[in-house]
Amino acid sequence: MAATKKATPKKAAERKPVVIVDDVHVIYKVYASGKRVTRGQGKNGIFSKTSNLREVHAVKGVSFTVYEGESIGIIGSNGSGKSTLLRAISGLTPIDGGSIYAIARPTLLGVGGALLPNISGERNILLGGMAMGESRKDMEKSVDEIAKFAGLEEFIDLPMRTYSSGMAARLKFAIAAHRDHDILIVDEALSVGDKQFQNRSEARMRQLRENAGTVFLVSHAMESILETCNRVIWLEKGLIRMDGDPKKVVAAYSKYMEEISE
Amino acid sequence: MSQENLAAYAAEHGLKRMGARPSFFNYLTETWQRRDFAVALSTFSNEAANARNRLGKWWNILLPTIQAATYGLIFGVILGSSRPDNFLPFLFTGVFLFSFMSGSFYSGASSITSNSGLVRSLSFPRALLPISTVITQFVNLLPQIGILLVTLLIIQHQITWGWLALIPILFLMTMFSAGLAMIAARLTAQVRDLSKLLPFVTRIFFYISGIFFSVDKVLANHPDIYAFVKWNPVYDFIEIARGALVEGYTMETDIWIACVAWAVVTFVFGSIFFWKAEEEYGRD
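Just so you know, the protein sequences line up as chains A and B, in that order. Residue numbering for the first sequence follows my numbering, beginning at 1 and increasing consecutively. Residue numbering for the second sequence follows my numbering, beginning at 263 and increasing consecutively.
No lab work stands behind these hints: they were computed from the structure. From a predicted model like this one, the values you see are computed outputs, not experimental measurements. Just to be clear, a hint being listed does not mean it is correct.
[Said to hold, decoys possible] Here are the simulated DSSO-like cross-link-like pairs (lysine-lysine), alpha carbons at most 30 Å apart as the crow flies:
1) A:K29 to B:K458
2) B:K319 to A:K141
3) A:K237 to A:K60
4) B:K538 to A:K29
For reference, chain B alone in the conformation it holds in the complex (with noise of 0.2 Å):
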């Protein structure tokens, strides 16, 4: 019988091609059903990570109130004079949100390959693992916040409206952290080599979106490099965070704009080039 014919007949009967990826809207919406699934295994995983360790979960604590009083201790030396204005605060949303990103960069990278055992095992959307590693990193990043806004009033002495726009801006950037995991975790799935290269990746935007220094004042001779620095998501998001909450700096309406083009643009393409190798995954 002839291919045409099968297809008909096969039709008629309500059987459907097999093998063939989903449409991408059924794709967002099957993933979507089973969000349950991803914040299950983003709380398990975690969990079982720390189970070995004696202060178990309160890493999540110590651990980035460690790095950034050494990033403070060191760089509020080296930088001396030349600190920026009000640097602690600075600092710490700096490093905090920074890591934040680069978290969500690395794990979505491994996301796949270290849930093997699961990916031959069952099928089910692909994307849920990347997209649990991103709430890892921001249940993760939630005390840090904590940590933060505590230094804030110590030093500031005063809560201000600023903080309200802390909402809409997590959400823009674990939106960028989504995409950012998903293509991350689509490169290293195929190219298993990238993952040797993650690291001076994360390195790299660490050292130039100003996370110690202010970038502005650095590149302030040198208007048309800072022109086009200042649209590197990374950097574009921690500005924003800090014109939001610490005292000294402003919200500026580009970045702001940067923000939510970053946001939105990461996350279409992101889940749009994870989707395109759904079947790809696991397959070794």
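Bound-form chain A, shown alone (with noise of 0.2 Å):
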């Protein structure tokens, strides 16, 4: 399909880019432990590993160009090398083949537990800002309003390996989406928080939107992603499969797992 379209400046007159994602590939190497029961027997002793490494090519030359005032929705399947590609756009993952271009170093808010988890909520925020660059005394004055956004002033003081992983993510979204980003790409984060905090988060983002920030969201929630977004990408085996206006993308991508869950 669309797959091996290039980044094409068509608009470029009237339109900025801010992200550009030109064939982009990457490759991970795993050392595969244990081997398939099914596989035959290989060789064993201290060396055998060498022969049990192996490539996953998890995003197989994706491109495409972010414009200003776009926020972005990824959709597909789970292993679709969605979160891998989004690493790779912040820098935390390298690539093995194309060239990402943009306009700052994307903040990427991640799934997973607690940042540190013997430390408590409000420490973790100050923390969590430092890292990102705030000052200490800016950190200060912001941790209530980061707690009350989280929605977590009652516990704010206990550690954070006693939060639920919903707490946890909430808190994480609070301290990323409290001060502007240029680029803020958003992971899977907010799929464990209520209902209640999917909405203040939901504003958030359309808020970083608005001042001028682009936001990238992956989320298995369709509503979410109709809610913030203005362009859904749906990747499927690292390869895009579709890329346009939300409702079209949405609509074929559900019409997909329908046919593929029968």
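Using the hints, build the complex out of the two chains.
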């Protein structure tokens, strides 16, 4: 399909690009631990490990250009390369081919547990902000506001390991979304939050976009995608399957998912 | 559109290439700008680590004191008449300064792996993590220096100008330790197996660096071996500190030069070595 389409600057005159992704490939080299039962026995010994090195071609030549004022939803089934692509855009995963250009270094808000599990929520706020380059004074002023946004005022003095996954995700989003970003990438971090928090965070993402920021949102919740994004990219097996108007892409994706689950 | 056109188009709109490691200079600048983070991380982690102990941060003083007392008792008895001169100050200087260097090496090695939640969630110069552990080690060293100075005062009955030399010595040792922590951090992040060998490395240095015995006395009949062993950085730092503090020991010029060289070389090499793999940390 449109997978091999190059990043074309057709409307360059009126639109300013923010992110250009050009024919990007990411290949993971992973030591496969253990053999699949169905396969024959390999060599044994210390050095047999080298024969277990497997390559996983997670992103296989993806190209698109994001313009100012766009907020991009990324959808696709599990293992389609969404997170890998976004980690590559934010510079956290090295790419094995192609090139990525961006107006500023994107902030990636990933999934996963606590920032620092043994440290209180409040101190995680301070450290998270300082890691992103804020001064300690500014963060100390914002602590209450961030805790309030996350809805965690009561628990903010408890170590982060005691938080549920939803609470931890809320706190992380609140830390990252507290300041304006040129490019913010939210990777499924909100799916664990409750309805009330999802509404609040969607509102915040729209606000970031209005302040000339670009938001990437990975989600399996199509409502969230339709609510926040004005362009949707559908990835399947490391390739772009569709790219364009949210309603059309989401409809096609939902139809595809129904078909394969039958 | 071709690669060159795309690059030009990107440049025209002020876009920068991603995934490329920042230049070494920019990396250092960015790290320096976020030094507050390294300090706060060190303070908070240290407090959290002590929070579950009843005696809390007092352990930072108790532990090295017990350690020094144990070594003093055991080695003092075993070594008998072959004890180095002025044994207690000699031993305390060695044990405390050694624990600073080995602690930096050890905790630096685990700094990336033990903060994986942070590394996976946020992007920041990763060098801040090993540096933060060195700050922790340095803060823990200060009360030990206090114990050492009190011991010196009790045994030697005087404060000398030599004590002032401790300031540049600690500065150089911290540079050296930071370099060591960064080297260890990259090595263990990339080859996990090495973390198994670290205890042996620190043990070996404990025995060859003359913590509880005098290297030049033991090797008095083997000047060629001594000429080689004397450039061991751990020995150099401890030897120069003894020269500054302990009666009957002097600060030799060649040891001073060795200390400065080791500090600068280890720090510069360590930061470059660590920076070279910046984009690899947290990828697993």
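Exercise for review: Mind listing which of the numbered hints don't hold for this structure, in increasing order?
Suggested key: Per hint list: zero violations.
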